[in-house]
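Q: Residues per chain, in single letters:
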Amino acid sequence: MMDSTNQHTVRAYGDELNQITADVARMGGLAEAQIADAIESVSRRDAELAQQVIARDARLDELQREIERKAIRLIALRQPVATDLRRTVAAMKIATDLERTGDLARSVAKRGLSLSDLEPLAPLTRSIERMGKLVAKRMKAVLDAYVTSEIAGALDVWSHDDDVDEHYNALFRELLTYMMADPRTITSCAHLLFMAKNLERIGDHATNIAEMIHYEITGDELDTARPRQGADDTPVSEKEPS
Amino acid sequence: MDAPVIDTRPIVAAGPKAPAHGIKVRTRDVSVFYGDKQALSDVSLDMADRAVTALIGPSGCGKSTFLRCLNRMNDTIQGARVEGVIELDGEDVNARAVDPVALRARVGMVFQRPNPFPKSIFENVAYGPRIHGLTTSKSELQDVVEQALRRAGLWDEVADRLDQSGSSLSGGQQQRLVIARAIAVDPEVILMDEPCSALDPIATARIEELIDELRQQYCIVIVTHSMAQAARVSQQTAFFHMGQIVEIGRTDELFTNPKEQRTLDYITGRFG
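Those protein sequence lines, which keep their order, are chains X and P. Heads up: the first sequence at position 134 corresponds to 171 in the working numbering, and the numbers run straight through without jumps. Heads up: the second sequence at position 260 corresponds to 431 in the working numbering, and the numbers run straight through without jumps.
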């Protein structure tokens, strides 16, 4: 593995690069908290917490723009190459994934707000909570891998993408069962279904981040053909019976 | 130190669909000594035809010494001794039968500072074809001069003042004049030793554009201190350090994902 810990001759250059990486790490911490709080606002039916999550999303958007500005400035003024270039590009792309993650967490919180006015569906909420925790764990693991530049951690997240999909498929079937059994639950179930989709997308962003970490460290793209059952993301239960 | 693995994949000559060309200049285990001092150790490098090979590395790393071996310019330095194999189209350039003057017509050279002869623009370009007896009539010579100046992108600027002194031109024009002089003798290889280091960014861009055009016809080897320039103009890059080649690679790969730590430290501006 190449060692890029040697200092730049122009020290300010190295400082600027480190600053961008630190900003991404900070943004990652914030995104993690947003996921966790969004899930919690749903499971506790806590409207106030949901409002906080919605309000805090603007901070993630601002951080993303800041990272992008710094990266563009660095590219223009320092013309980074090799590891420095990969680090800069990875920071920009990861910041975009984190910003999207924030949007999805906000969306979960918004639906949580709507749900808090409706009749609770405890077992389903617990399923969402379980899926949320799994997704949050993946995001945390991949961000830890980013901060420590540990490729094994990133690969672990990357290769376990199926777990989230399985959760999503199971939840989808569970929701269908409820809706068919009692049409009065359809409104709640639709909200929960969108939540599950949002969480599944957050899982995809964690996978993207794992790919960027791999590229940043090795310079090689991960093979895009991840080991998974189906090529599309249609839940198994939505498919026509054969 | 381990000898770097020579990348034998074909160099893409011009754009993704252009055909790859063969090896024009091939060196194996080239070492150069100035008296007791060894300036170059066991350099093996293949330079493709119709492609630009850039040699980069810190001052004193041997890249200019290596470049000067390719047309036997080191013969002119007292006490210089060259070992190893240097082949142009498979022929040993250091063989006794090879006339260095004829060799230098096939392997032209452009230096850091433009060095026009103290003669007219026309004579600067006509000199080579005349001494090598490449033309038989005055009108033929005029054609050769015009063609060389056109290919060097200078014709439109000097067509109405060919009898003026070459040194009356701007630095960038002078550099294009000496490139015209080099290509007037119809060489196969053009060596460039920091051709843009004395030029402003606009003159530099014109030379780089010219290099890109000349690449369609020639094997070009360029020594440059500007890594950005190496990245812009070349298809293959060799990184020299302390008289040895550390890494040879496709330019895009070497600048995004170098394989050697010393290459990484050098191109990213770190102290190794």
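What the hints contain is simulated information worked out from the structure, not anything from laboratory work. Treat the hints with caution; some may be incorrect.
Label-pair restraints from in silico Cβ distances [as the list claims (entries may be wrong)]:
{"no.": "1", "chain 1": "P", "residue 1": "Lys-208", "chain 2": "X", "residue 2": "Arg-48", "range": "33 to 41 Å"}
{"no.": "2", "chain 1": "X", "residue 1": "Asn-43", "chain 2": "P", "residue 2": "Asp-423", "range": "17 to 25 Å"}
{"no.": "3", "chain 1": "P", "residue 1": "Asp-423", "chain 2": "X", "residue 2": "Val-47", "range": "19 to 27 Å"}
{"no.": "4", "chain 1": "P", "residue 1": "Gln-249", "chain 2": "X", "residue 2": "Glu-105", "range": "57 to 65 Å"}
{"no.": "5", "chain 1": "X", "residue 1": "Val-47", "chain 2": "P", "residue 2": "Asp-207", "range": "33 to 41 Å"}
{"no.": "6", "chain 1": "P", "residue 1": "Asp-314", "chain 2": "X", "residue 2": "Ile-112", "range": "45 to 53 Å"}
{"no.": "7", "chain 1": "X", "residue 1": "Thr-46", "chain 2": "P", "residue 2": "Asp-423", "range": "52 to 60 Å"}
{"no.": "8", "chain 1": "P", "residue 1": "Asp-270", "chain 2": "X", "residue 2": "Thr-46", "range": "42 to 50 Å"}
{"no.": "9", "chain 1": "P", "residue 1": "Gly-304", "chain 2": "X", "residue 2": "Ile-112", "range": "25 to 33 Å"}
{"no.": "10", "chain 1": "P", "residue 1": "Asp-207", "chain 2": "X", "residue 2": "Gln-44", "range": "52 to 60 Å"}
{"no.": "11", "chain 1": "P", "residue 1": "Tyr-298", "chain 2": "X", "residue 2": "Ile-112", "range": "54 to 62 Å"}
{"no.": "12", "chain 1": "X", "residue 1": "Ala-189", "chain 2": "P", "residue 2": "Ser-215", "range": "33 to 41 Å"}
{"no.": "13", "chain 1": "X", "residue 1": "Asn-43", "chain 2": "P", "residue 2": "Ala-399", "range": "48 to 56 Å"}
In this text, a Cβ means the ideal position worked out from N, Cα and C, and glycines have one as well.
Q: For the pair Lys-208/P and Arg-48/X, does the Cβ-Cβ distance stay inside 33 to 41 Å?
A: 34 Å, holds
Q: Does the Cβ distance between Asn-43/X and Ala-399/P fall inside 48 to 56 Å?
A: 21 Å, violated
Q: Is 19 to 27 Å respected by the C-beta to C-beta distance linking Asp-423/P and Val-47/X?
A: 24 Å, holds
Q: Holds or violated: the 54 to 62 Å window for the beta-carbon distance between Tyr-298/P and Ile-112/X?
A: Given range 54 to 62 Å: violated, Cβ gap about 46 Å.
Q: Go ahead and decide if the range 33 to 41 Å is satisfied by the Cβ distance of Ala-189/X to Ser-215/P.
A: 37 Å, holds
Q: May I ask you to test the hint 52 to 60 Å on the CB atoms belonging to Asp-207/P and Gln-44/X?
A: Violated, at about 36 Å.
Q: Taking 25 to 33 Å as the stated bounds, is the beta-carbon spacing between Gly-304/P and Ile-112/X within them?
A: Between Gly-304/P and Ile-112/X, where Cβ atoms are some 53 Å apart, the hint is violated.
Q: Confirm or reject the claim that Val-47/X and Asp-207/P have a C-beta distance inside 33 to 41 Å.
A: Check passed, 37 Å falls within 33 to 41 Å.
Q: A range of 45 to 53 Å was offered for this pair. Does it hold for the Cβ distance of Asp-314/P and Ile-112/X?
A: Given a distance of about 47 Å, which is inside 45 to 53 Å, the answer is holds.
Q: Take the C-beta atom of Gln-249/P and the C-beta atom of Glu-105/X, compute their distance, and say whether it sits inside 57 to 65 Å.
A: Taking Cβ atoms as reference, Gln-249/P and Glu-105/X lie about 58 Å apart, which means the hint holds.
Q: Taking the beta carbons of Asn-43/X and Asp-423/P, is their distance inside 17 to 25 Å?
A: For Asn-43/X and Asp-423/P the Cβ distance comes to about 23 Å; the hint holds.
Q: Mind checking the hinted window 52 to 60 Å against the Cβ distance between Thr-46/X and Asp-423/P?
A: 24 Å, violated
Checked against the numbered hints above, the structure violates hints 7, 9, 10, 11, 13; every other hint is satisfied.
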